[in-house]
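Engineer: Here are the chains, one letter per residue:
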Amino acid sequence: ELKVEQNPLFLSMQEGKNYTIYCNYSTTSDRLYWYRQDPGKSLESLFVLLSNGAVKQEGRLMASLDTKARLSTLHITAAVHDLSATYFCAVRGYDPSGTYKYIFGTGTRLKVLA
Amino acid sequence: AAGVIQSPRHLIKEKRETATLKCYPIPRHDTVYWYQQGPGQDPQFLISFYEKMQSDKGSIPDRFSAQQFSDYHSELNMSSLELGDSALYFCASSESGRMQNEQFFGPGTRLTVL
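So the protein lines, in turn, are chains A and R.
In my numbering, each number is its position in the first sequence, counted from 1, plus 51.
In my numbering, each number is its position in the second sequence, counted from 1, plus 907.
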């Protein structure tokens, strides 16, 4: 069964601090996504990672992918209040039913305190 | 820049009624994805289309059907609505071969089944 696990589920951090969100997935996947979602809003694409060792950075966010460990990380550097949101990782994996599907993690609700 | 358009933005239906959600992808995008997100839950992938053909299939109930038309817009048809179908329905689009299939999400349709 395709599974994507994120941790932590909730994260409260002080402004200026660093932290990492982890995303583990249970099957081989040809792509991994990171999204941001504000309450009641749509999803905003942050990163798409395709290959082992891929690293992408945008502002205070950096994502990496280790396909051998089936692990992706989203690192937050010097957090600011505007980063408060829910962050989802998602993978595209092959399902035994014979099709590919996209599976999301449970999300990490980040709150940055001033 | 043009974004994904979804209509209607809000829809209220009674149990056992039918509903049709529409999605207009970003110009030149040839792939459309449908997701369902219940309150406080992660998005669930329903189905996707590439060049008017179904490409990947997720947890789409048999009561639902979808298609992509020649102008690349897509419609999600939902019949025999149940209370549990109340959710946010997102459509996303991507351009195959570009930007690593980065998915751009629409604002969503909030469906309420009474």
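It should be emphasised that the hints constitute simulated quantities derived from the structure, not laboratory data.
Warning: the hint list may mix true and false statements.
What the hints assert, rightly or not - Using 25 Å as the maximum straight-line C-alpha spacing, the simulated DSS-like pairs for lysine-lysine come out as follows:
| id | chain 1 | residue 1 | chain 2 | residue 2 |
| --- | --- | --- | --- | --- |
| 1 | A | Lys107 | A | Lys162 |
| 2 | R | Lys964 | A | Lys152 |
| 3 | A | Lys68 | A | Lys162 |
| 4 | A | Lys68 | A | Lys119 |
| 5 | R | Lys920 | A | Lys92 |
| 6 | A | Lys152 | R | Lys959 |
| 7 | A | Lys152 | A | Lys92 |
| 8 | A | Lys119 | A | Lys54 |
| 9 | R | Lys920 | A | Lys152 |
| 10 | A | Lys54 | A | Lys107 |
| 11 | R | Lys964 | A | Lys54 |
| 12 | A | Lys162 | A | Lys152 |
| 13 | A | Lys68 | A | Lys152 |
| 14 | R | Lys959 | R | Lys922 |
| 15 | A | Lys107 | A | Lys68 |
| 16 | A | Lys119 | A | Lys162 |
| 17 | A | Lys162 | A | Lys92 |
| 18 | A | Lys92 | R | Lys929 |
Engineer: Keeping to a limit of 25 Å between CA atoms, is the pair of A:Lys107 and A:Lys68 held or broken?
Structural biologist: 20 Å, holds
Engineer: For the pair supplied as a hint, A:Lys107 and A:Lys162, is the alpha-carbon distance within the 25 Å limit?
Structural biologist: OK: A:Lys107 and A:Lys162 at ~23 Å, within 25 Å.
Engineer: Holds or violated: R:Lys920 and A:Lys92, Cα atoms, limit 25 Å.
Structural biologist: Distance of about 22 Å is within 25 Å: holds.
Engineer: Has the given pair, R:Lys920 with A:Lys152, been kept, meaning a C-alpha gap of at most 25 Å?
Structural biologist: 29 Å, violated
Engineer: Against the 25 Å threshold, does the CA-CA distance of R:Lys964 and A:Lys54 hold or violate the hint?
Structural biologist: 16 Å, holds
Engineer: With the threshold set at 25 Å, check whether the alpha-carbon distance from A:Lys152 to R:Lys959 stays at or below it.
Structural biologist: 18 Å, holds
Engineer: For R:Lys964 and A:Lys152, compute the direct alpha-carbon distance and say whether it is at most 25 Å.
Structural biologist: 6 Å, holds
Engineer: Under the criterion that the straight-line Cα-Cα distance not exceed 25 Å, is the pair A:Lys162, A:Lys92 satisfied?
Structural biologist: Answer holds: A:Lys162 to A:Lys92 is near 16 Å, not above 25 Å.
Engineer: Taking only the CA atoms, is the gap from A:Lys54 to A:Lys107 under or equal to 25 Å?
Structural biologist: Satisfied, since the Cα-Cα distance of roughly 23 Å is no more than 25 Å.
Engineer: Given the hinted pair A:Lys68 and A:Lys152, is their alpha-carbon gap at most 25 Å?
Structural biologist: Since the Cα atoms of A:Lys68 and A:Lys152 sit roughly 35 Å apart, the hinted pair is violated (cutoff 25 Å).
Engineer: Does R:Lys922 sit within 25 Å of R:Lys959, going by the straight-line distance between their CA atoms?
Structural biologist: 30 Å, violated
Engineer: Check whether the Cα positions of A:Lys152 and A:Lys92 lie no farther apart than 25 Å.
Structural biologist: Holds - the C-alpha atoms of A:Lys92 and A:Lys152 are around 23 Å apart, at most 25 Å.
Checked against the numbered hints above, the structure breaks hints 4, 9, 12, 13, 14, 16 and satisfies the rest.
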